[in-house]
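S.K.: Single-letter residue listing:
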Amino acid sequence: MQTLDVISVNLWQILISLGNLCLLFFMMKKFLYKPVKNVLAKRQAELEEHYVAAENAEAEAKASRDAWEEKLAGAQSEADSILKKATDNATYRGEQIVAGAKEQADSIIRIAKSEAELEKKKAEDGIKREIVEISGALTEKMLGREIKAEDHKALIDAFIEDIGDGND
Amino acid sequence: MKSKSRLFKAVDILYICMMVVPLICGITLKVLTKPPSEGISITGAQIYFTIPMPIQDLPVTESQVNSLIVMIMLLGLCLFLTHGLKTRDISVRQHLAEWIVESVDSLVKNSMGEYFANFSAFIAAILALSGFSSLLSLTGLMPPTSDINVVGGWAVLVFVLITYYKMKCGPLQYVKSFGDPVPFLAPLNIISEVATPLSMAFRHYGNVLSGSVISVLIGTALQGLSRTVLGWLPGFLGDIPFLQLGLPAVLSIYFDVFSGLLQAYIFAMLTMMYVSGGFPMELYFERKKKKAELKAKD
Chain A
1 MQTLDVISVN LWQILISLGN LCLLFFMMKK FLYKPVKNVL AKRQAELEEH YVAAENAEAE
61 AKASRDAWEE KLAGAQSEAD SILKKATDNA TYRGEQIVAG AKEQADSIIR IAKSEAELEK
121 KKAEDGIKRE IVEISGALTE KMLGREIKAE DHKALIDAFI EDIGDGND
Chain B
169 MKSKSRLFKA VDILYICMMV VPLICGITLK VLTKPPSEGI SITGAQIYFT IPMPIQDLPV
229 TESQVNSLIV MIMLLGLCLF LTHGLKTRDI SVRQHLAEWI VESVDSLVKN SMGEYFANFS
289 AFIAAILALS GFSSLLSLTG LMPPTSDINV VGGWAVLVFV LITYYKMKCG PLQYVKSFGD
349 PVPFLAPLNI ISEVATPLSM AFRHYGNVLS GSVISVLIGT ALQGLSRTVL GWLPGFLGDI
409 PFLQLGLPAV LSIYFDVFSG LLQAYIFAML TMMYVSGGFP MELYFERKKK KAELKAKD
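Protein chains in written order, with the working numbering: chain A, 1 to 168; chain B, 169 to 466.
For the record, the hints were derived by calculation from the structure and aren't laboratory data. Be careful, since some hints might not be right.
Unchecked claim - In silico negatives: residues of chain A with every beta carbon more than 12 Å from chain B:
(1) Asp-5
(2) Lys-30
(3) Tyr-51
(4) Ala-67
(5) Ala-73
(6) Gln-76
(7) Thr-91
Unchecked claim - Below 30 Å or equal to it, Euclidean Cα-Cα: the simulated DSSO-like pairs (lysine-lysine) are:
(8) B:Lys-172 <-> A:Lys-34
(9) A:Lys-29 <-> B:Lys-463
(10) B:Lys-336 <-> B:Lys-463
(11) A:Lys-37 <-> B:Lys-172
(12) B:Lys-456 <-> B:Lys-334
(13) A:Lys-29 <-> B:Lys-277
(14) B:Lys-254 <-> A:Lys-29
(15) B:Lys-177 <-> A:Lys-34
(16) B:Lys-463 <-> A:Lys-30
(17) B:Lys-336 <-> A:Lys-29
(18) A:Lys-37 <-> B:Lys-177
(19) A:Lys-30 <-> B:Lys-277
(20) B:Lys-457 <-> A:Lys-42
(21) B:Lys-334 <-> A:Lys-29
(22) A:Lys-34 <-> B:Lys-254
(23) A:Lys-30 <-> B:Lys-172
(24) A:Lys-30 <-> B:Lys-177
(25) B:Lys-457 <-> B:Lys-277
(26) B:Lys-336 <-> A:Lys-37
(27) A:Lys-42 <-> B:Lys-177
(28) B:Lys-277 <-> A:Lys-42
All values derive from a computational prediction rather than experimental measurement. Yeah, the Cβ is synthetic: ideal placement off N, Cα and C, and Gly gets one too.
Only chain B is shown next, with the shape it has when bound in the complex (with noise of 0.2 Å):
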């Protein structure tokens, strides 16, 4: 341990830095400019400025800062744990990397195939910007996650990758997909390709902006409840919600840690499902050979 250099020590500290300032930004920024809320108050996120833009003003809101710090923490730890690797006497910190790289891959190798190892890097993001933007609201932030344009534009961009692997054996296959059964079925096949974006946004988003609400219900009637009881209690005391401690934290750890983690999971498994089973493997492969033949011929 000795043995490492000031200089190493030095870089670690700014990785760690990048973990731990964003963070400090964001709730102080949250200290900063939260309203004094007054019973019951639930909307979506705060909006700080707003940039005019083309057919729709920009909000800068509450939910862009987090993800953003959300994804320069998730930088200043896959530098951090990625920093000095060895092929030996490897320390805590590589067999963690190690351990992600390795879980990962096997997960999207077991579920998507052989084929789709390369979609592995894609998973351990959606499952870290997932899982770390719901864990968010353990500091007191509100998560990214609840914020129903966060999670469409992922939902998005899972469609434009099931539509992509979908349209590899050409367009013409890819509308003859949706008549598959038989063609009457077409309107309904529609219906279910667009459906699968907005089920999985909604369901993700539905989730944890749940918890929180259940969450701040919950809060506020124990502090109800903590003022009608207790409130005989002599000078502050009575203003203390003694009741609020204990129920809020077991639900926190429902809603903001478990929840959270297996909504990032079930938005992993959901998009390495559509997208290695709208991939039409057989006939991409048959193609291919046959394009192959083709180009030997000439």
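Only chain A is shown next, with the shape it has when bound in the complex (with noise of 0.2 Å):
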């Protein structure tokens, strides 16, 4: 079998070779680069969907967040209030207990008071009556003779005064 030289120049085979590369970057751009391409780009747009999308589910978040904070926060503001009213209420019932304590303290000392004073009179009375009746048996038996219980009682009781203002 024969073969070339080590340089021998063929113009048909220089062509051919010329053909085969041009033949070869049809191939590789139709079969290589257009589906990659394709493929590439398609990737890309579903990247920009699933951007956009990710996009709408943050704002909506965002959003669904804020009522939510806006809720509580009207929440809070009203828990606060009831709190106070709470608070104002009890402590108006409580001055109103005390009040109404002191009150009827006040009523019962008063009462009390008065009763004292009754009693004493009471006692101061029976005091007069039976110095009364002493000093009319004193006298009737100083004396010696009955005296008219009527006639001295009249002064013993304006002696007997006397001495009650004396000691007041």
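Assembly of the complex is requested from the two constituent chains, each provided in isolation within its own frame, with the hints serving as guidance.
M.R.: In structure tokens:
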């Protein structure tokens, strides 16, 4: 079998090789570049889509979070107002109760005082009467005769009145 | 993985066959037609048959056949890589395909600029054809890149592209560009214009061919050395060239893999530099603007 020389230029071979490279270029373009570029573009589009969806979801989440925060803040203030009302109520009631108790105590003291006064008066009357009787009996005994109780009663009464006044 | 349909797998196997079968056919053809070689024989490609053509007969040689093998393999590879592309949960081969496309794209954009972004597929074709042609020598076949005609064809195409982009501002501008710094340098400029494709072709072809030649020389030398040093071994043991183990493999890694891929890269880089460097971009856009203004006036 024949062989070529190490360097042998052949026009047709050069043209064939040129054509081969052109052919391979079109093959690469059609079978490697086109599908890969297509799939890359598709992926890019999908990514964009996902980004948009993610952004929408984020905005939604933010909106709902804001709404909840607002609601929460409203609830807080409501709770505060309720607590304040309750506190006010309780304070008012307490004051009322204390005032009522004070009044009651005052009235009890007043009644007790008046009762004590009455007792005192009663006791004074009782003592007065006894003094009158005793003094009457004493005078009777001292004078040795019976004296008219009515006569001296007025006298003694005046006397005791004086003593009572001096005592007061 | 199990969800893949039977058809998908069948098509996959078809594509893999597209990559493997041509290689096996080429090796078989080589084994069947290779003449028994004695000693050192450095020749060009084998001629299978010759087709009579005008001007010059066309010999169908090993390098033509091997180029065809590489192209069929590349077609199979492209189809295999882009088979079953998805937008998510992507497979390893899709990663690979995307990596190839994106890295060649960025290479082209970095060295040629945005305007030449369409060149990406062409550069990828050059890289793949040149790289795989050189790597074909790993299988024992003759690398088509060690044939001047093959690389010459690519260089002519690159020359056509360079001239096309230089002509974009009109033929007058193209002729003017030869007297660029000073008019009397025009002959030198013309020589350098012609030298561009020649130097590209010879650089690539020479590097690959010299690798093959050195491999053959060293292989033959080691065979002889083995015969003289280990010839005393009894029986057939003396005929085995033990010394051919080792060194040729290392050389093959350098000459076939490293040098071949490097030459592919250099060829692609030079293509990009010459095409983008020869294109007077500012002038072109200026002219375009002026033309648009003229049209607007009409």
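S.K.: Does each hint fit the structure? Answer for all of them.
M.R.: Structure-based check of all given hints:
no. : hint                    : in the structure
1   : Asp-5                   : 5 Å, violated
2   : Lys-30                  : 9 Å, violated
3   : Tyr-51                  : 15 Å, holds
4   : Ala-67                  : 35 Å, holds
5   : Ala-73                  : 43 Å, holds
6   : Gln-76                  : 46 Å, holds
7   : Thr-91                  : 68 Å, holds
8   : B:Lys-172 <-> A:Lys-34  : 23 Å, holds
9   : A:Lys-29 <-> B:Lys-463  : 34 Å, violated
10  : B:Lys-336 <-> B:Lys-463 : 19 Å, holds
11  : A:Lys-37 <-> B:Lys-172  : 23 Å, holds
12  : B:Lys-456 <-> B:Lys-334 : 15 Å, holds
13  : A:Lys-29 <-> B:Lys-277  : 17 Å, holds
14  : B:Lys-254 <-> A:Lys-29  : 19 Å, holds
15  : B:Lys-177 <-> A:Lys-34  : 22 Å, holds
16  : B:Lys-463 <-> A:Lys-30  : 36 Å, violated
17  : B:Lys-336 <-> A:Lys-29  : 24 Å, holds
18  : A:Lys-37 <-> B:Lys-177  : 24 Å, holds
19  : A:Lys-30 <-> B:Lys-277  : 20 Å, holds
20  : B:Lys-457 <-> A:Lys-42  : 34 Å, violated
21  : B:Lys-334 <-> A:Lys-29  : 24 Å, holds
22  : A:Lys-34 <-> B:Lys-254  : 14 Å, holds
23  : A:Lys-30 <-> B:Lys-172  : 25 Å, holds
24  : A:Lys-30 <-> B:Lys-177  : 22 Å, holds
25  : B:Lys-457 <-> B:Lys-277 : 24 Å, holds
26  : B:Lys-336 <-> A:Lys-37  : 28 Å, holds
27  : A:Lys-42 <-> B:Lys-177  : 24 Å, holds
28  : B:Lys-277 <-> A:Lys-42  : 22 Å, holds
Hint check: violations occur at hints 1, 2, 9, 16 and 20; the rest are consistent with the structure.
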